[in-house]
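Going line by line, the protein sequences match chains V and Y.
Mapping of the first sequence onto this note's numbering: residues 1 to 196, in sequence order.
Mapping of the second sequence onto this note's numbering: residues 197 to 442, in sequence order.
Hints may contain errors.
[Unchecked claim] A short list of chain V residues far from chain Y (calculated; beta carbon distances all over 10 Å):
| id | residue |
| --- | --- |
| 1 | L26 |
| 2 | D47 |
| 3 | E52 |
| 4 | A55 |
| 5 | R73 |
| 6 | G74 |
| 7 | I146 |
| 8 | G153 |
| 9 | A161 |
| 10 | G164 |
| 11 | E165 |
| 12 | P166 |
[Unchecked claim] Okay, the calculated bits of chain V under chain Y, using three or more residues with CB under 8 Å as the criterion:
| id | region |
| --- | --- |
| 13 | 83-92 |
| 14 | 171-185 |
[What the hints assert, rightly or not] The following residues of chain V were derived to be distant from chain Y, with all beta-carbon distances above 12 Å:
| id | residue |
| --- | --- |
| 15 | R31 |
| 16 | A41 |
| 17 | A51 |
| 18 | R68 |
| 19 | P139 |
| 20 | E142 |
| 21 | R157 |
Simulated from the structure, these hints should not be mistaken for laboratory data.
All C-beta atoms in this analysis are idealised placements derived from N, C-alpha and C, irrespective of residue type, glycine included.
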Amino acid sequence: MREDDLTQASDAQLVVAIGRWRQDALAEAYRRHGGAVFALACRVLTDRLLAEEVAQDVFVRLWHEPGRFDPQRGSLRSFLLAHAHNRAVDIVRSEEARRGRERRQHQERVRVSAGEDVEGDVWDLTVAEHVRDALGLLPPGERQAIEMAYFGGKTYRQVAASLGEPEGTVKSRIRSGLRRLRDNLADLVWEDSREP
Amino acid sequence: MNPRLGHHEIEELLGAYALDAVDADEALTLENHLRGCPRCRAEVAAHRETAALLVEDRLEPPPELWDRVTAGMEEVPPPIDLAQFARAERRPSRATPWWLAAAAAVAVVLGAGSFVVQQQRHDQLQAALHSQEVAVEVLAAFNDPGARLATLRSGDGQVHVRAVLLRDGTGYVLADRLPDLSGGRVYQLWAMVDGAPRSAGVLGAEPAMARFHASNATTALAISIEPVGGAEQPTLPVLLTGLLEA
Ligand SMILES: [Zn+2]
C-alpha cells in the first residue's frame with residue numbers, strides 16, 4: 001500500500017491519519033460510512049434535516065476526538081453507527097418527552113413515532129439481499145423487536161407496551177434475535193462461499 | 197431499577213443496551229458493569245456489529261452534508277473537494293455483498309480485545325507437499341467424514357482456496373491457486389478462535405499445499421498478505437475468508 005493511498009487504508013489507519021489532522025482521511029471515512037450514518041439517522045428520525053444534523057455531529061466528533069475509536073473493540077462502521085444511533089435516539093426521546101408534556105397539558109393523544117412501519121418499499125428495495133434473507137429467517141417476534149428498537153428508536157419497554165408483550169420477553173428476544181441474526185448471516189456467508 | 201443486578205440480569209439486557217433500547221438508569225448500570233467486564237463488553241460490541249450490518253448503505257447523503265461537516269471544523273486547512281473520492285467507484289458488485297467484506301472485518305476485529313499481542317513466531321508452514329505420501333494424506337483428510345471443510349474466497353469471488361481441518365487439529369490448505377507474491381510480501385494463514393485471529397502460519401510468497409495446526413474451536417480461516425516473517429495481527433481487509441463447516 002502506498003502510504004498516501006487512503007482508499008486502501010484500513011479503518012484503523014484512517015483514524016490515525018485523522019488524528020494527524022488529515023482532512024482527506026476524514027473525507028475517506030465519510031465516503032465509506034457517511035451514507036450508512038445518514039441512512040440510519042433518517043430511519044430513526046424520519047426527518048432528513050435532523051438526520052443531517054446527527055451525521056454532521058458524528059463526523060465532526062470523529063474529527064475532533066478520533067481517539068474515541070478503538071479498533072480493538074470493533075469496526076469504524078459500527079462505532080460511527082452506534083454514535084449516530086445514540087444521538088438519534090436522544091432526539092426521538094426528548095421529542096417524545098416534549099410531546100408527553102404537551103399531552104398532559106392539552107390532553108392530546110400522542111402520535112405514534114417513527115418505526116412502526118418498518119417494511120417500507122424503499123427499504124425492501126435497497127437492503128442488502130443477504131441481510132434481508134438473514135432477517136427473514138428470524139422468528140417474527142425477534143425480528144419485530146429488533147426493528148422497533150433499532151430503527152424505531154424505542155426502548156424494550158416501549159416495544160413491549162406497544163405489542164402487549166411482557167417486558168422480559170421483548171428484552172430476551174432482542175438479545176436472542178441479534179445472536180440468531182449473526183448466526184444466520186454466517187450460514188449465508190458459508191452457503192455463498194460453497195463452490196457450485 | 198435496582199443497581200445491584202445479578203450478572204444474569206445484566207446479560208439479559210445486553211442486546212437491548214447495544215441498540216440503545218434501555219432506560220437511562222439501566223444504561224448507567226450497564227455502563228458501570230461494562231467497565232469491569234470484558235465478556236459483556238465483547239457481547240455488546242458483537243451486537244453492535246450485527247446491528248450495523250442491518251443499515252443499508254445506498255442512500256446518498258445530500259451533497260451539502262459534507263460541507264456542513266467541514267464547516268464544523270475549526271482552524272483546519274480548507275476543505276478538499278469530495279468529488280475526487282468518487283463514491284460510486286468503490287461500490288462492491290452485486291456478486292460480492294458489501295457486508296461479506298464487512299463481516300470478515302468484523303470477525304477479525306471482534307474479540308481482538310482479548311488478542312494479547314504475543315511474541316509468537318509465525319512458522320513457515322510445511323509447504324509444497326510434493327511427495328506422493330503427503331498427497332495421499334491430504335486426499336484422506338478431505339475424505340475423512342469427521343473433517344471440517346472450508347472454502348476460502350476472495351472478496352471479489354475470483355479466487356477459491358480449499359482447506360480442511362481434522363479433529364486432531366491438523367489442517368491442510370490448498371493454497372497453490374494463489375498468485376505468487378513479490379516485493380517482500382507473503383501470505384499468512386489465520387484461524388479464527390473465539391472471534392480472534394490466531395496465526396496458523398506463514399504460507400510464503402509462492403504458496404503450495406501446506407499442512408497447519410489449529411484449535412478445534414476454530415470457526416473460520418482467513419488468508420492475508422503480510423510482510424516477510426508474518427504479522428501479529430492480520431492486515432485488513434483480509435484477502436480470503438471462509439467459515440469452517442460445523
Ligand atoms: Zn458481565
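Evaluation of the provided hints:
no., hint, result
1, L26, "violated, 8 Å"
2, D47, "holds, 13 Å"
3, E52, "violated, 5 Å"
4, A55, "violated, 6 Å"
5, R73, "violated, 5 Å"
6, G74, "violated, 5 Å"
7, I146, "violated, 7 Å"
8, G153, "violated, 7 Å"
9, A161, "holds, 13 Å"
10, G164, "holds, 17 Å"
11, E165, "holds, 13 Å"
12, P166, "holds, 13 Å"
13, 83-92, "holds (count 3)"
14, 171-185, "holds (count 11)"
15, R31, "violated, 5 Å"
16, A41, "violated, 10 Å"
17, A51, "violated, 9 Å"
18, R68, "holds, 14 Å"
19, P139, "holds, 14 Å"
20, E142, "violated, 10 Å"
21, R157, "violated, 7 Å"
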